[in-house]
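Using the sequences plus the hints, can you model the full thing?
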Amino acid sequence: MIYEVFARRSHDEELKHVGSVNAADDDLAKAYAWTLYDEESWVEMCVVPRDSVIPITPHGRIPLWGN
Amino acid sequence: MVQTEFESLEGMSEACARGLGNLLWALADTKLLLGYHYGEWTFGTPALEAAVANCSLSQTELGHVRLLHAVLKKHWGEDPELLIERRPAAEFANVTFLDQLVEDWAAYVAANAVVDLAATRVLHTLQGSAFKPIRMSVDKMLDEERHHLHHGRGWFRSLAARSDGAKRLAEATRDALRAVAVWLGPADDAGDRALVAARVKAASNADLFAALTQDLTALAREAGLPLEPARPSSFGGWDARTRRMDARGPADEIVFHLRGSANELFKLS
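Line by line, the protein sequences are chains A and B.
Numbered according to my numbering, the first sequence spans residues 1 to 67.
Numbered according to my numbering, the second sequence spans residues 1001 to 1269.
What the hints contain is simulated information worked out from the structure, not anything from laboratory work.
Some hints could be false.
As the list claims (entries may be wrong) - EDC-like mimics (lysine to aspartate or glutamate), calculated; alpha carbons at most 20 Å apart, straight line:
1) Lys1267/B x Asp1139/B
2) Lys1140/B x Glu44/A
3) Lys1132/B x Glu1007/B
4) Lys1140/B x Asp38/A
5) Lys16/A x Asp51/A
6) Lys1073/B x Asp1099/B
7) Lys1074/B x Glu1010/B
8) Lys1167/B x Glu1222/B
9) Lys1074/B x Glu1085/B
10) Lys1140/B x Glu39/A
11) Lys1132/B x Glu1005/B
12) Lys1140/B x Glu40/A
Owing to the predicted nature of the structure, the values given are computational and were not obtained by experimental measurement.
As structure tokens, this is what we get:
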């Protein structure tokens, strides 16, 4: 399953998309996101299953951010 | 009056000081071997993400070894270089499951999901320790260990769900859990009792093992994997320093690589 990874460097910064990971479950997605995208000292990081993303644009197709 | 907090070993009973030194030594050795095996598994993983994760897991374990060695040096006078470079293999106090090469991914998952978890549970018991110097380092280590636990649990579930992986995982998990039971030691270990009595440690190793078994059993049940009881019937010959029932240690090949013996000539003096 593909998970999209979001993070922010400081509390006053917006959460931004930093990449995606392929993982069998939420636990692995968390571990992979943290170890793959460790280039910054994030104050917040979260993952969202790509299947949970609801497209709005007419031909909104996933993937939205690559992969 | 009973002392409630220790800045150093001063004022601590001899049994407590010895028990704590042994525990930190065992934690450092287990993390050293975990770091080695995670590093070995930077290649050959079933998923590229797992390779990157292992590289990171290895780094954090080796960082924790440095933290623990610093405490052992300052308060017990242990020489970190000597602990790795000169100590006979039979004096290593790591969980014996890590003594040999981790031969397949199921064994790797057992090391991650069982052995790493056990070491982390020991750290949890030191979180509010009356021994202040260790308390300062534990929070940082536990924060990093969260990702190790996610990785272990995730792969445990993944392998358990596969018909070709479940049987081997059950075997490896049983072996790892038995080795952890020995490493944590007998319920009547005087050093462990002294640590709990002095509130240096929040729970006994026997209680810790019971909780660990309960959690792993729940994880295995959820994944449809049978998990056998692992506590040995006897702790005959158990040594509080090495936490082993025999005088073995990590394989020569592993100790050779840990020490960087092949590059002895190039070491900085």
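Status of the hints after comparison with the structure:
Proximity of Lys1267/B to Asp1139/B is assessed by CA-CA distance (about 33 Å); at most 20 Å being required, the pair is judged violated. Under the criterion of a C-alpha separation no larger than 20 Å, the hint pairing Lys1140/B with Glu44/A is consistent with the structure, at around 17 Å. The hinted pair formed by Lys1132/B and Glu1007/B meets the criterion: a straight-line CA distance of about 5 Å does not exceed 20 Å. Between Lys1140/B and Asp38/A the alpha-carbon distance is near 16 Å, which keeps this suggested pair within the 20 Å criterion.
At most 20 Å may separate the alpha-carbon atoms for a hinted pair to count; Lys16/A and Asp51/A meet this at roughly 18 Å. In summary, the hint linking Lys1073/B to Asp1099/B is not supported, as the alpha carbons are separated by about 25 Å, beyond the 20 Å threshold. For the given pair, Lys1074/B sits about 13 Å from Glu1010/B by alpha-carbon distance, which is consistent with the 20 Å threshold. Pair hint Lys1167/B plus Glu1222/B holds up; C-alpha atoms about 15 Å apart against a cutoff of 20 Å.
For the hint pairing Lys1074/B with Glu1085/B, the CA-to-CA distance comes to about 19 Å; that is within 20 Å, so the pair holds. At most 20 Å may separate the alpha-carbon atoms for a hinted pair to count; Lys1140/B and Glu39/A meet this at roughly 18 Å. Using a Cα cut-off of 20 Å, the hinted pair Lys1132/B and Glu1005/B holds, with the two alpha carbons roughly 7 Å apart. For the given pair, Lys1140/B sits about 17 Å from Glu40/A by alpha-carbon distance, which is consistent with the 20 Å threshold.
Hint compliance for this structure: hints 1, 6 are broken, all remaining hints hold.
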